[in-house]
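Novice: The listed protein sequences correspond, in order, to chains A and B.
With my numbering applied, the first sequence closes on residue 606, and no number is skipped along the way.
With my numbering applied, the second sequence closes on residue 606, and no number is skipped along the way.
A couple of the hints might just be wrong.
You can't tell identical chains apart in this list, so a pair holds if it fits in one copy or across any two.
Said to hold, decoys possible - Taking lysine-lysine pairs in the DSBU-like style, the calculated list, with each CA pair at most 30 Å apart, reads: (1) K296 - K401; (2) K256 - K339; (3) K401 - K233; (4) K131 - K233; (5) K203 - K256; (6) K296 - K338; (7) K401 - K338; (8) K338 - K479.
Because the hints were derived from the structure by calculation, they are not lab data.
On a predicted model such as this, the values are computed, not experimentally measured, just so you know.
2 protein chains.
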Amino acid sequence: MTQTLEPDTGTAQRTVETWLADFEAALQAADGTAAAALFATDCYWRDLISFSWNLTTVEGREQVADLVVATASATGACRFATEEPAEEADGVTTAWITFETAVGRGRGLLRLIDEDGPKAWTLLTTLHELKGHEEPRGTARPMGAEHGASRDRVTWLERQQAEAESLGSTTQPYVLVIGGGQGGIALGARLRQLGVTALVIDKHSRPGDQWRGRYKSLCLHDPVWYDHLPYLKFPDNWPVFAPKDKIADWLESYTKVMEIPYWSSTTATSASYSQETGEWTVEVEREGRPLTLRPKQLVLATGMSGKPNLPDLPGMDVFRGDQHHSSAHPGPDAYAGKKCVVIGSNNSSFDICGALWEHGADVTMVQRSSTHVVRSDSLMEIGLGALYSEEAVASGMTTEKADLVFASLPYRIMHTFQIPLYEQMAERDKDFYQRLEAAGFDHDWGDDGSGLFMKYLRRGSGYYIDVGAADLVANGDVKLAHGQVDHLTEHSVVLADGTELEADLVVYATGYGSMNGWAADLIDQGTADRVGKVWGLGSDTTKDPGPWEGEQRNMWKPTQQEGLWFHGGNLHQSRHYSLYLALQLKARAEGIATPVYGLQEVHHLR
Amino acid sequence: MTQTLEPDTGTAQRTVETWLADFEAALQAADGTAAAALFATDCYWRDLISFSWNLTTVEGREQVADLVVATASATGACRFATEEPAEEADGVTTAWITFETAVGRGRGLLRLIDEDGPKAWTLLTTLHELKGHEEPRGTARPMGAEHGASRDRVTWLERQQAEAESLGSTTQPYVLVIGGGQGGIALGARLRQLGVTALVIDKHSRPGDQWRGRYKSLCLHDPVWYDHLPYLKFPDNWPVFAPKDKIADWLESYTKVMEIPYWSSTTATSASYSQETGEWTVEVEREGRPLTLRPKQLVLATGMSGKPNLPDLPGMDVFRGDQHHSSAHPGPDAYAGKKCVVIGSNNSSFDICGALWEHGADVTMVQRSSTHVVRSDSLMEIGLGALYSEEAVASGMTTEKADLVFASLPYRIMHTFQIPLYEQMAERDKDFYQRLEAAGFDHDWGDDGSGLFMKYLRRGSGYYIDVGAADLVANGDVKLAHGQVDHLTEHSVVLADGTELEADLVVYATGYGSMNGWAADLIDQGTADRVGKVWGLGSDTTKDPGPWEGEQRNMWKPTQQEGLWFHGGNLHQSRHYSLYLALQLKARAEGIATPVYGLQEVHHLR
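From just these sequences and the hints, can you work out the full model?
Specialist: Structure, rendered in structure tokens:
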């Protein structure tokens with residue numbers, strides 16, 4: 001047995017305890033001024049549904065006061081305590097905290113700095129469960145067996161079968177999730193555990209086909225530690241970067257094991273919301289058979305990339321070769337020996353160019369604007385290693401904790417943490433960047449040098465995580481051309497400077513529009529416009545126009561359309577934010593009051 | 001951060017360190033006498049393949065000396081160290097230890113008592129990995145993605161497909177595992193991770209069908225903490241007692257996720273071993289198509305219960321109703337309102353009687369000899385709770401550690417640890433046993449009062465884990481009759497005392513023979529006889545005749561037939577012992593010397 005002495009964190013711990021007590025007192029008095037006085041001049045309080053029933057970051061004392069006045073009484077937050085001893089380093093005191101609200105239990109991360117005494121620099125508050133609706137896990141796990149003898153016994157299988165038969169006919173899902181990739185699946189798993197009647201539908205024939213259908217050399221670009229789904233972690237023999245078919249098989253098994261109601265080969269053709277009944281009418285085709293679903297809540301988990309942007313170029317009608325958007329690219333098999341022109345220079349373009357070259361095609365990439373390229377191993381080690389790596393696991397960093405640390409960094413200042421990482425990568429891979437630029441590639445590090453992750457959050461585009469294809473460009477195996485496309489002829493692509501590229505195939509790797517495009521197609525343009533642009537932070541950088549939003553637009557939180565939600569993102573986001581979306585849906589299903597603070601305004605339509 | 005001071009285990013730790021140093025010195029000198037002098041008069045050294053390349057328990061100083069003299073030089077054990085600080089309690093000093101051998105790394109558990117100084121009472125030594133053949137896990141996990149651009153790229157899916165196509169045709173499995181239940185699957189997973197070419201075949205159409213096909217109310221009788229498979233643990237929302245179809249789905253998903261080469265709908269029809277080539281010739285039918293496989297190693301994982309014992313009774317030929325062995329019972333659905341007689345009073349009988357009663361049948365159980373009944377919740381709490389429970393997990397007991405603690409208790413004295421547990425259960429469930437006996441049920445606690453687990457290890461029969469059906473017997477819902485069956489008539493079963501039981505259905509819940517019966521069917525009777533009885537300890541108790549064996553006969557270890565192995569048991573055994581079987585097979589596949597110490601002699605044929 002090891003004995004643990006009181007650690008030397010007494011001062012930090014006492015500081016935090018005093019701060020929490022003062023904060024709790026201010027909240028109980030709903031005293032915005034008193035609460036704000038506990039925060040530093042530059043301060044950020046990020047709340048994930050525990051106070052605001054929204055994903056909200058307030059900045060500065062004035063906004064802190066406003067949040068407190070608006071939400072403290074209804075929230076009834078109390079019992080603030082530290083979860084482990086507070087620590088002080090470099091002038092910042094950090095504490096994992098727990099608290100309760102009237103309806104649930106919360107967890108957070110507090111950072112104090114000294115500004116005429118200890119003041120909050122950042123505060124993260126999150127709700128992780130609803131009282132009376134705790135998930136059946138650990139000591140509360142189900143028994144499974146029903147011991148005893150009963151002539152009315154219904155087995156697990158019979159219950160599963162009965163549920164599958166009734167769902168969508170005699171019973172309606174409370175939540176309909178359209179899109180069964182990792183986002184829909186993670187949310188489906190959480191809703192299942194929370195006892196919310198939900199249904200996930202997807203157009204493909206099996207869960208995982210979203211990955212199976214992609215180009216054959218594809219592996220995840222994010223490493224395993226970043227990719228876990230809720231509840232069931234990958235085993236420790238799982239590859240760092242899972243091949244697409246392996247992650248597809250995992251998603252399929254996961255869907256089964258987690259008992260997620262999931263309809264494959266099902267497309268939604270239209271949806272409309274009735275203000276009167278508070279209900280959606282969603283027309284779907286399940287394996288070709290039309291059917292009407294009437295959920296109360298509709299989640300679009302159809303891919304954060306949104307709808308394909310297909311350009312409208314003169315001559316597309318006369319071009320005699322194959323042409324398609326990157327999302328419709330069938331893979332390289334048919335193009336050995338063919339002349340292929342790929343328009344665009346981001347992830348999809350590099351991936352497609354690489355695979356075409358591997359299959360012996362003659363490939364030209366057309367770069368229209370600068371792109372940020374970062375090598376996969378550098379990104380993994382420098383960008384993610386502290387939170388998501390074997391070393392992080394060994395030092396006691398759990399996935400759940402890493403997600404909260406990540407969530408605790410306010411979007412407003414996140415780039416300041418990112419810039420030094422990318423400076424390190426630039427130094428580490430100096431030769432690589434020199435070769436790439438020597439080949440004429442127009443490279444950037446983001447508007448403010450903050451690199452890939454900020455580009456992802458701001459615009460969801462403008463970068464390539466290099467798993468090898470960048471070298472093909474650097475050494476000329478994949479040819480590079482520059483500029484906008486002027487027009488197509490029968491057999492070529494002509495650029496603005498007159499360059500003519502012969503082509504048997506043209507791939508438009510021209511990106512995607514906002515996810516509210518899905519809403520326009522499924523519901524109507526009016527609803528899509530009322531909801532507005534999805535994704536992005538309002539950072540006033542390229543493709544992410546201001547004003548500042550503080551959070552990602554419309555993701556995982558209430559929108560201007562009642563009962564309409566957007567969910568998705570990478571595996572990390574699908575895992576982490578599905579919790580808050582699921583709890584928002586559960587609260588509504590149970591009739592728990594969910595007064596939304598600071599429902600976002602719409603500044604951009606797409 | 002918490003600071004950890006040197007714990008107050010100094011004395012225990014120093015005692016262990018001294019003992020280990022002395023032990024290591026004795027081993028390096030191959031000095032049996034010196035080693036034996038470090039053991040107590042009553043002592044047990046259990047070795048799982050690290051010294052003996054066998055599962056062996058030596059008892060007493062003389063046997064310890066023999067093991068040391070025979071194996072120490074070849075083993076080259078060294079670097080003995082504690083894995084965590086030793087602890088002392090009730091006169092026993094306990095230490096988790098690690099060590100190395102010439103070919104691998106070991107782990108063990110040592111218990112010292114004071115007998116003119118610290119002497120070993122029990123020592124467990126196990127091998128957990130082979131040097132140079134470590135499993136690719138954690139920091140050594142595969143990369144998955146092959147970064148770079150290559151015109152010879154072979155994807156994960158292509159490699160999987162190529163492997164599946166060649167296995168059994170152009171390439172031969174080194175190991176053929178017959179039987180794809182939890183035993184075959186757990187072994188298949190380990191062999192896959194160790195890079196041994198193996199193939200699991202099973203007669204059912206899908207992995208998990210071994211469970212799906214059983215009676216519909218069946219749930220596992222062991223709780224979740226005892227049931228984990230290697231590598232991938234059940235999530236913490238998994239039920240305590242998994243319903244059969246749920247565990248079946250898990251096994252199917254697990255087989256896929258762990259990439260186990262597995263042929264469904266495949267039966268082995270014959271097998272023969274060539275001493276010359278050291279190779280088996282196994283005829284199989286895969287989905288009806290005949291095929292010859294030529295593995296070097298053949299593992300029978302066809303169910304530890306072995307072949308059904310169908311009695312040969314006068315009148316079975318004239319009986320006009322349905323009659324079948326319990327293993328062939330189709331479930332209760334067809335027998336509502338029918339008169340059903342179930343011969344036998346162990347697990348299968350109770351389960352079948354309960355399910356028949358639930359479906360409205362008129363049921364009589366024929367008890368031929370006494371049976372041990374223990375309530376599932378009592379067994380879980382008192383029998384397993386210390387090692388396998390939510391509380392054990394919370395106190396830091398991992399599955400792997402629990403398995404080693406369990407393995408460290410020598411079979412010879414295991415009953416002495418078990419008896420007090422069953423005394424507790426008898427007290428706790430006193431009313432239950434009184435009611436059961438008042439109904440005329442002939443109940444026992446095992447020959448020496450050591451209860452269910454010892455019956456399981458000794459004979460694999462003679463008990464019922466009550467999940468409800470015992471109450472049906474106690475309250476007369478299921479009728480009870482006693483004695484041997486004399487004969488059957490057209491419509492009844494007549495017992496030795498003349499009692500005549502009308503019957504539309506007779507189920508023979510009359511148990512199973514030894515697993516070497518499978519070898520007789522598949523290979524020949526001579527081989528089955530040479531190998532001898534499988535299972536049991538030689539405890540000289542009912543159905544487990546002496547002499548004392550020290551280990552379970554023929555399970556997971558070399559047999560008298562080269563290249564023939566038996567594997568199976570409950571989920572715990574399938575998990576834990578598959579490691580040692582897999583390492584024995586891996587060592588042979590790699591040509592590592594595996595001199596077997598104490599190959600078991602055969603005392604019983606079946």
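Novice: Compare the structure with each hint and give your call.
Specialist: Going down the list of hints, with the structure as the test:
1. K296 - K401: neither (33 Å within a copy, 48 Å between copies)
2. K256 - K339: Result: close neither inside a copy nor across copies, 43 Å intra and 39 Å inter.
3. K401 - K233: Answer is both: 14 Å inside a copy and 21 Å across each meet the 30 Å cutoff.
4. K131 - K233: Intra 26 Å, inter 28 Å, cutoff 30 Å: intra and inter.
5. K203 - K256: both (17 Å within a copy, 23 Å between copies)
6. K296 - K338: neither (51 Å within a copy, 49 Å between copies)
7. K401 - K338: Result: close neither inside a copy nor across copies, 50 Å intra and 59 Å inter.
8. K338 - K479: So K338 and K479 pass the 30 Å test inside one copy only (14 Å; across, 81 Å).
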